[in-house]
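The task is simple: from the sequences and hints, build the whole structure.
As you go down the protein sequences, you meet chains E and V in turn. Under this note's numbering, the letters of the first sequence match residues 1 to 282, in that order. Under this note's numbering, the letters of the second sequence match residues 283 to 743, in that order.
It is worth saying that the hints were derived from the structure and are not from the lab. Just so it is clear, the structure is predicted and the values come from calculations on it, not from any experiment. Backbone N, C-alpha and C fix where the C-beta goes; we use that ideal spot for every residue, glycine too. There could be a bad hint or two in this list.
[What the hints assert, rightly or not] Selected chain V positions facing chain E (in silico; Cβ < 8 angstroms): (1) L520; (2) K532; (3) F662.
[What the hints assert, rightly or not] Pairwise CB distance ranges (calculated): (4) V:E503 x E:G165: 29 to 35 angstroms; (5) E:N147 x V:N630: 42 to 48 angstroms; (6) E:I191 x V:A409: 57 to 63 angstroms; (7) V:G508 x E:D169: 53 to 59 angstroms.
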Amino acid sequence: MYEIVNKICLNPTVTRMDILAPLVAKKAEPGQFIILRVDDEGERIPLTVADYDRDAGTVTIIFQIVGATTEALNRKEKGDFIADFVGPLGKKTHTDGLKKVAVVGGGVGCAIAYPVAKKLHEIGCEVHSIIGFRNKDLVILEEEFKNASTLLKVMTDDGSHGEKGLVTDALEALIKDGNQYDEVIVIGPLIMMKFVSLLTKKYDIKTVVSMNPIMIDGTGMCGGCRVTVGGKMKFACIDGPEFDGHEVDFDDAMERASMYKDFERRAHDAECNLFKGVQNNG
Amino acid sequence: MANMSLTKNPMPAQEPEIRCKNFLEVALGYSEETAIDEAKRCLSCKNKPCVAGCPVGIDIPGFIEKVADGEFEEAYEILSASTCLPAVCGRVCPQESQCEGKCVRGIKGESVAIGRLERFVADYHSAHSKEETKKPQPNGHRVAVIGSGPAGLSCAGTLAKKGYAVTIFEAFHVAGGVLVYGIPEFRLPKAIVQREIDELIRLGVKVETNMVIGKVLSIDELFEDGFEAVFIGSGAGLPRFMNIPGENLKGVYSANEFLTRINLMKAYKENATTPIKENHKVAVVGGGNVAMDAARCAKRLGAEEVYIVYRRGEEELPARLEEIHHAKEEGIIFKLLTNPIEILPDENNFVGGIKCVEMELGEPDESGRRRPQVKADSEFTIDVDCVIMSIGTSPNPLIKSTTEGLETESWGGIIADEATGLTSRKRVYAGGDAVTGAATVILAMGAGKSAAEAIDKDIMG
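Okay, here's the thing in structure tokens:
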């Protein structure tokens, strides 16, 4: 059992939790992920490490409430326990030798982009962060990014906060201003990673994306997380989760990600209705 | 007086039309009377060819004689001198190519039903034994075992009985390895696996779940932590695909993924949190036990048509005879001498069909089996909405990639001494599928046991 030592609602659908898991915290690096189960009946879900505190022995996860499992997780409070928490899995973000990097985050993907920006900032790299959200109510981690970046651009689709526009608009403007990046690291919805990768391909800038596909074990066993990279089959759990954005077949990944959409929606609704029932009866 | 019947006592089983809708065990086990009757078919022949056919060398005529005399606990003692998982092996061993394949009764008629008798004795023991497990005197030495499948369990059990403080590190949230995630409930009830694990815990073995060795801790850290030897029994978990077009379509599973969703995550239960796609027509590619398991699971989940698509012929099917027999009884359709060349999409990019070619058998290849060749102009399509790839697995690369000096074969198998399991690293032993590639429960169990003996010698000098 793993204790939730802290819980903060970052926005109405995004929650941050610090989980006491000293062995995971000891090894975790930006770019890696964990797998958790909320309770003994729960499914295994992968979440990318959002932060870690080796001294306190805690690992931070930030998740969006999208399905039954994240719904159930969100009902847990500080001091509660979750059944399983295993990691760190996957490969860490490659940061060696980078001098100037654009870190692009979209939506809850910013939770994963943040530790990457922080690590790069700590090793003395010049970090330009671009974070995008639909509107101002959904903005997360703005302060954290500010502290980890040389330059921060906040973009919203409707212009209710920061600048109006897409992250690709901001990135292209920075490139056109003459910024030469060793690498662009982009973490967010598949469609966003696809368009950032198309943009950087045009400017021939190395681009790293973080994939978060369907997964069960996280150790290479199920093959559910396979992604097509450079025409070859790769397993996100052991070969990734980070890959060369110019090589990833995003259309294929988007199709695969939609496999259980109906199930997810039904399960989520059932979980919500069940909880409503409990509330009404309680 | 020997029972000279030419056929085995049949195994009582759930009727096919009932069992193909549930996940309860198919084979129900012999009664005491049937077991005694079957045991009397053994001639106690002098040469004991069956023993030579057993990878762990069980004294087969010895335990069968006790069964014939109705001395079931004594029979159990003989079994447990050689095997620590008789309830499991009695159910999943490919007896027809091991002990039973060598039985002299098989020359004219059917062999003695050794596997069924082994299962009977193990089940009798667990139902009747009140014996308290005696915790052995600790010898003060610590050994780490990676993986809780058959290799790891037998290594841990053997060492624990000698007084070692053994910790098993398991990557999943429950122990049992392939016995839990791979082999379905209807063939090996999980309660039986749990019974074996509980027995190890009573012997003092510690089981730590959620421990992906190579990630959470490295083998070097295990030594730093005070373990004096490490046994790697991490299995062959990495699924292979065919590299044909369409393998990334929605509705294509590796057998590992399909079976894990069902067996470990119980996706077949109502209100399960782990999803599995509803399928109507399923093609399982491959002809081994795992393929049979996947096909029969698909049937139980409600698929109307389930195909086994296998590129060689009936005789070459690597699965146990009993599984093939059960699968056929349950209405699984065998498309033999058939090889897929493409998986076709429907309009929503789910699986819509599987395009195959017919094969014919040519000269034997390096495996000794006749090599399948494509028949010209034989392309055809089977209409399916789900494809399960069950064409084998490779050893997991996680430990290799994080353990300096651990030598492996080019295909990923850990190089280990055949007799002792010693690897290229001092005090690091390995056995089971991690060494051999996908093989059987009994071979893994045997490897775990002999590595335990070697570890004991190594530490005690």
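To see whether the hints hold, each was checked on the structure:
1. For L520 of chain V, the shortest C-beta to C-beta distance to chain E is roughly 5 angstroms, which falls under 8 angstroms, so the interface hint holds.
2. Annotation: K532 of chain V was flagged as interfacial toward chain E, and the flag holds, the nearest CB pair being 4 angstroms apart, inside 8 angstroms.
3. With a least beta-carbon distance of about 26 angstroms to chain E, the hint placing F662 of chain V at the interface is violated under the 8 angstroms criterion.
4. At roughly 48 angstroms, the beta carbons of E503 of chain V and G165 of chain E sit outside the given window of 29 to 35 angstroms.
5. Distance hint check: the CB atoms of N147 of chain E and N630 of chain V are about 45 angstroms apart, consistent with the given range 42 to 48 angstroms.
6. Range check, I191 of chain E to A409 of chain V: Cβ separation about 58 angstroms, and the 57 to 63 angstroms hint holds.
7. Evaluation of the 53 to 59 angstroms hint for G508 of chain V and D169 of chain E yields a pass: the beta carbon distance comes to about 57 angstroms.
Violated hints, listed in ascending order, are 3 and 4; each of the other numbered hints is respected by the structure.
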